[in-house]
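Under this note's numbering, the first residue of the sequence shown carries the number 30, and numbering increases by one thereafter.
In case anyone wonders, no lab produced these hints; they're calculated from the structure.
Values in this document were obtained by computation on a predicted structure and should not be read as measured data.
Here a beta-carbon is modelled for each residue, glycine too, at the ideal position from N, C-alpha and C.
In silico DSSO-like pairs for lysine-lysine, Cα to Cα no more than 30 angstroms straight-line: (1) K206 <-> K141; (2) K206 <-> K140; (3) K61 <-> K206; (4) K61 <-> K141; (5) K140 <-> K61.
What follows is a set of in silico ranges between Cβ atoms, one per label pair, in the way DEER data are often shown: (6) A279 <-> A247: 43 to 53 angstroms; (7) A249 <-> G189: 48 to 58 angstroms; (8) M275 <-> T296: 15 to 25 angstroms; (9) G264 <-> L233: 41 to 51 angstroms; (10) E312 <-> A244: 45 to 55 angstroms; (11) A249 <-> R79: 51 to 61 angstroms; (12) R165 <-> P114: 34 to 44 angstroms; (13) A237 <-> D112: 34 to 44 angstroms; (14) Q187 <-> A244: 46 to 56 angstroms.
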Amino acid sequence: MSPAERERLLVKVVDALSDPRRAMSEGRPHHKAKSRAIDMLTLHFGSTGRTIYLAEEMAVLYPGEEPFVPDILAVLDVPQPEDDPRMAWVVAEEGVGLSLVLEVLHQGDRKKDLVANVDRYARLRIPEYFVYDRLRQQIHGYRLPGPDAARYQRVVPQMGRYPSAVLGLDLAVVSDKLQFFYGMAELFGSADLIGRLKGMMESLEARAEQAQAQAEQAQAQAEQAQAQAEQAMMGLQDAILAALEMRRIACSEEARLRLRSCQEPATLQRWLLRAMSARTLDELFAE
Numbered sequence: 030m031s032p033a034e035r036e037r038l039l040v041k042v043v044d045a046l047s048d049p050r051r052a053m054s055e056g057r058p059h060h061k062a063k064s065r066a067i068d069m070l071t072l073h074f075g076s077t078g079r080t081i082y083l084a085e086e087m088a089v090l091y092p093g094e095e096p097f098v099p100d101i102l103a104v105l106d107v108p109q110p111e112d113d114p115r116m117a118w119v120v121a122e123e124g125v126g127l128s129l130v131l132e133v134l135h136q137g138d139r140k141k142d143l144v145a146n147v148d149r150y151a152r153l154r155i156p157e158y159f160v161y162d163r164l165r166q167q168i169h170g171y172r173l174p175g176p177d178a179a180r181y182q183r184v185v186p187q188m189g190r191y192p193s194a195v196l197g198l199d200l201a202v203v204s205d206k207l208q209f210f211y212g213m214a215e216l217f218g219s220a221d222l223i224g225r226l227k228g229m230m231e232s233l234e235a236r237a238e239q240a241q242a243q244a245e246q247a248q249a250q251a252e253q254a255q256a257q258a259e260q261a262m263m264g265l266q267d268a269i270l271a272a273l274e275m276r277r278i279a280c281s282e283e284a285r286l287r288l289r290s291c292q293e294p295a296t297l298q299r300w301l302l303r304a305m306s307a308r309t310l311d312e313l314f315a316e
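Starting from the given sequences, assemble the full structure and let the hints guide the process.
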């Protein structure tokens, strides 16, 4: 491409990107739906490792055609560079045209997206074209029946899902949002994943707090049981000393220390029974 041709190309790109008619059709709902779709697709193909090029709001130039700026474009078998220097998709330079276009229609030009683009994209041999009509919560799908076809056929939904052969995914409207499915699995965007991870973390934290509370409760119960056991043993010890005193058997300091240091309930119970009839400390502590 000569310098003059490149200059003319850049002018067309700038014109396409700054078209005031497109700016007027933009709105927050349109932007959110478009950004969520490209986010889901980027995460999915990044994780599967499939070679596909995705771009949002990139000017496209076919030879001899006026430039256009689709909401989302996809090109099969073209790698997605991490730092993409492209300002536009120039078919003459890339050597390949688009594989799929996805438009989000909200308050924009319905005739352009649902009539003019259907004819134009088919004439340009773009294999698939989908429109997410966000205002009416509908999906329109179009596919070329063959490589030489120049007219689209409508994609027939299957149980509410519109299959895309290019993406290998199904499109559907779920809870008033455009959703993609990989087989039976629903794709998630970054915000969805962050929300799910946050929910998982909150659940794990709640379970950890519950486990901690249960452990503390068990510890308290164990301490209470220990205190009750100590009180019971002290009661047995006091009962033995009372029995000895009642029977006027002098209890030496050594015997008292031995009695207080005993932590075996069975031994204390045995000594208590002996204290009722023993005549000396030796009889009490006999093995």
